[in-house]
Amino acid sequence: MSQTRTVIVGVQVPDGTRCDIAIVGETIEAVTPTAKGPLPTEGPEATTTIDGTGLVALPGLVDLHTHLREPGGEDAETVLSGSRAAAAGGYTAVHAMANTFPVQDTAGVVEQVLRLGEAAGYVDVRPVGAVSVALGGERLAELAAMARSAAKVRVFSDDGMPVADPVLMRRALEYVKTFDGVVAQHAQEPRLTEGAMMHEGIVSASLGLTGWPAVAEESIIARDVLLAEHVRSRLHVCHVSTRGSVEILRWAKNRGIDVTAEVTPHHLALTDESVRGYDPRFKVNPPLRSPDDVTAVREALADGTIDVVATDHAPHPPEAKDCEWAQAAFGMTGLETALAVVNELMVQSGAMTWEDVARVMSYRPAVIGRVENHGRPIAAGEPANLTLFDPARRWTVQPDGLETASPNTPWAGRELTGKVLWTWLRGKPTVQEGKVIP
Amino acid sequence: MIQLRHLLATADLDRASAVEVLDTAATMAATQARQIKKLPPLRGRTVVNLFFEDSTRTRISFETAAKRLSADVINFSPKGSSVSKGESLKDTVLTLGAMGTDAIVVRHAASGAPHRIAHSGWTNAAVVNAGDGTHEHPTQALLDAYTIRHHLAGGTGDLAGLSVVIVGDVLHSRVARSNVRLLETLGANVTLVAPPTLLPVGVETWPCAVSYDLDQAIDQIKPDALMMLRVQHERMSAAGGGYFPSPAEYQREYGLDVPRLGRLADAAIVLHPGPMNRGLEITSAAADGVRSVIVEQVANGVAVRMAVLYLALTGKEER
Ligand SMILES: [Zn+2]
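Those protein sequences? They're chains A and B, same order as listed. First residue of the first sequence? That's 32 in this note's numbering, and the numbers climb one at a time after it. First residue of the second sequence? That's 2 in this note's numbering, and the numbers climb one at a time after it.
The set of hints was computed from the structure by calculation and includes no laboratory data. Check the hints yourself; a few may be wrong.
From the structure, some residues in chain A lie toward chain B, with a derived Cβ separation under 8 Å [said to hold, decoys possible]:
1. Glu225
2. Ser235
3. Ala236
4. Cys354
5. Trp356
6. Gln358
7. Ile468
Note that the structure is a prediction, hence the values are computed from the model and not measured. Using N, Cα and C, we set each Cβ at its ideal position, and we do this for glycine too.
All chains should be built: construct the whole structure from the sequences, respecting the hints.
And the structure:
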C-alpha cells in the first residue's frame with residue numbers, strides 16, 4: 032500500500048513565517064516557505080491538502096502533569112477518555128500522575144498504564160512514578176525498577192501529596208540521578224495547610240474558609256531548591272501559584288540550581304475572587320491565588336522563570352463537585368482548554384510569541400520529562416507530532432461537548448478563543464477538522 | 002415592604018432594608034407582649050429547620066418564630082453531616098423540595114452550605130442562614146443590632162455614631178463576620194479586639210478597626226456596647242499547640258472581668274451570643290450584671306427571626 036502525503040498549505044509556524052508542511056508516513060518530509068512554490072509532488076503518494084490560512088502549526092504539545100485516574104478512578108476518567116481529551120487539546124504526549132489506585136509505585140503498575148496508553152493510541156502516555164511507597168511519604172518506592180521498566184519513567188512525583196519529609200526529599204533527589212530522573216514536587220507544607228480549602232487572604236477571611244497560605248508553598252520550594260543545590264540534582268516544581276514562589280525560583284536559577292517549574296492555565300487565568308460563589312468547580316490545590324500572584328506567574332512564564340505550562344488536568348465525577356465547598360474534591364480539568372487559555376492570556380495580549388508557546392508547551396516539557404521524539408522543532412526529518420490551531424476561533428465550553436469523562440471544567444458556559452483543529456501523532460491524525468478520530 | 006429572597010449574609014442587606022428588618026422585628030416584639038402570641042401570616046406555609054450541626058438554642062428560636070407566625074414547622078437534623086458519610090446535601094435538599102417546602106432554615110458546619118442550597122438550582126425555597134461554618138450568622142447579628150438599638154438608639158432608625166467593640170475569637174466566629182458587616186451598614190463604629198492568632202489574615206480590609214489590647218480599647222474607645230465572643234476549648238488543642246497559651250492567660254488578656262467591667266461607661270451594655278464560657282471570656286459578674294443584655298438577646302432573637310421569615314415568605318406566590 033502506498034503512503035499518503037498530507038500537505039498543510041500556508042500555515043504559520045512558530046517563528047512567524049508562513050510555510051507549507053508536508054507529512055509522509057510518520058515524518059515531516061519538508062517545510063517550505065509558502066512563497067517558494069510548490070512542495071515536491073513526485074513519488075507514489077496520494078496527496079491530501081489542508082488549507083492552513085490563518086492557522087498556527089505547533090509541535091505536538093507535551094503535558095508534564097495529567098491525572099488520567101486509571102487504574103482505580105475510572106468513574107472520573109480512563110486512559111482512553113483522558114487520551115482523547117489530550118489529543119483534542121493538541122497534545123501528543125502526557126505524563127500520567129502516580130496517584131492512581133493502586134498507586135504507580137511499581138514497575139508493574141507503570142507498565143500497565145503505559146500499555147493502556149498504547150492501546151488507546153491517541154497520545155504517548157508517559158507514566159509518572161511515585162516517589163514514596165503508596166504516596167505514604169515514608170520510604171522510597173522502587174524508583175530504579177520503574178526507570179528500567181518498559182515505561183522508562185523519568186519523572187517521579189507524589190503529586191496530590193507533598194514529599195514533606197526533608198530527608199526523604201533529599202534521598203529522592205540523590206537517587207534519581209542514577210537514571211537522569213527528576214523529582215516533581217507538589218509544594219505544600221502539610222502543617223501549615225491542615226484543613227485548608229482556599230487561598231488565605233482577603234477572600235478567605237470574608238468567606239470563612241480555612242486558608243492555604245502562600246508561605247506553605249514557598250517554604251517548601253525554598254527548602255527544595257537548596258536541597259537540589261546541595262546534592263546537585265534536578266528538581267521540578269509543580270503548579271507554581273504565588274509571587275513568592277516565582278521570586279525563589281528566580282533566585283535559584285540565577286544561582287545555577289537545576290530547577291524547573293510549571294504553571295497551570297487556571298493559575299494563569301483565575302483568582303480567588305472566583306471562590307465567592309462557593310462553587311466547588313473553583314476548588315483546586317494549590318488554590319486560586321490573589322490578582323497579584325496571577326500577575327507574577329504570567330510575568331514569570333513570559334520571562335522563562337517558569338519553564339512550562341502544565342495542565343494538572345484533574346477529573347472528578349459530578350457528585351464530587353455537586354456539594355458544599357468543604358466536602359468537594361480539589362481539582363479541575365484542563366487538557367482541552369489549556370491552549371486556548373494560553374492563547375488568550377499570553378499570545379493575544381502580546382506577552383508571548385508562538386515560539387514561546389512552543390517552548391513552554393512542547394519543547395521544554397519534553398526536555399524536562401526526557402520524552403524522546405516529542406517537543407521537536409517543525410522541520411524536515413522530524414517526527415510528525417503536530418497540532419494545528421485556529422487562534423481566532425471562538426467557542427463556548429460545554430462540559431458535555433468535551434472528551435474528558437468528567438464535567439469539572441472551570442470554563443463551563445464561558446467563551447474561549449482558539450481551537451485545535453488537527454493533531455497528528457507520528458503522522459497519524461488523532462484530531463481531524465476539530466473532531467477526535469473515533 | 003422589602004422582600005428577602007434569601008438571607009445568607011448580612012452583606013445582602015443595605016441600610017434601609019436592615020432598618021426595615023429591625024422595624025418589622027419591633028412590630029413582632031410588640032405582638033409578643035400580648036396574651037395570645039400567635040399571628041396568622043404564614044398559615045399554610047412550611048418552614049424546615051435543616052440543622053446539620055447541633056444548636057438547640059438557635060433551632061428553638063427559629064421554631065418558635067415560625068410557629069408564632071402560624072407556619073408548619075419541620076425539624077430535620079440529618080445524620081450525614083460533612084463529617085460522617087450520609088446522604089448528600091443535594092439529595093437532602095431535593096427531598097425537602099419534593100415535600101413542598103417554602104423556606105429552609107439551614108445550620109451547617111461548612112461555610113457556604115446555605116449559599117450552595119440557594120444558588121445550585123436544587124430548590125426554589127427561600128433559604129435562611131442559621132449559621133454556616135466560620136462564615137456568617139446573619140440573624141444573630143440582626144438580633145444583636147436590635148438589642149443595641151433598643152438600649153442605645155431609642156429603638157428606632159440606625160446605629161449611627163455608636164461604637165461597638167467585639168472581643169475574642171474572630172477567626173472562627175461567624176457572629177463576628179456578620180456583625181462587622183451589619184453594624185457598619187447601620188453606621189456604627191466597630192473595633193475588633195483579639196490576639197493576632199485569632200484574627201484572620203485579611204482582616205485589615207474589613208470595615209472596622211482592629212486592636213490587640215482590650216484595656217486600651219475600653220479606655221480609649223469608651224464603647225457603647227461590648228460584645229464578648231465565645232472561645233471554644235478546642236482552640237487550645239489546635240495545630241501548633243493552640244491559638245493561645247492557656248485559658249488563664251486568655252482570661253487575663255481578653256476576659257471581661259470585674260475591673261474592666263467597672264471602667265465601662267455608665268450606659269454601656271454587654272452582649273454575648275452564647276453559649277458562654279463563664280470564667281474564660283466573661284466572668285459571672287459581667288454576665289449577670291446590670292449592663293448585661295444577654296438574656297434579652299435571646300428574647301429578641303425570636304422577634305428578629307419572625308421578621309426575617311415574614312419578609313422572606315409573605316407577599317410572594319406559593320413556591
Ligand atoms: Zn499537585
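Against the structure, the hints come out as follows:
1. Glu225: holds, 5 Å
2. Ser235: holds, 7 Å
3. Ala236: This hint holds: A:Ala236 lies near chain B, its Cβ roughly 3 Å from the closest one there, short of 8 Å.
4. Cys354: Interface hint status for A:Cys354: holds (6 Å vs cutoff 8 Å).
5. Trp356: Holds. Min distance 5 Å.
6. Gln358: holds, 5 Å
7. Ile468: violated, 36 Å
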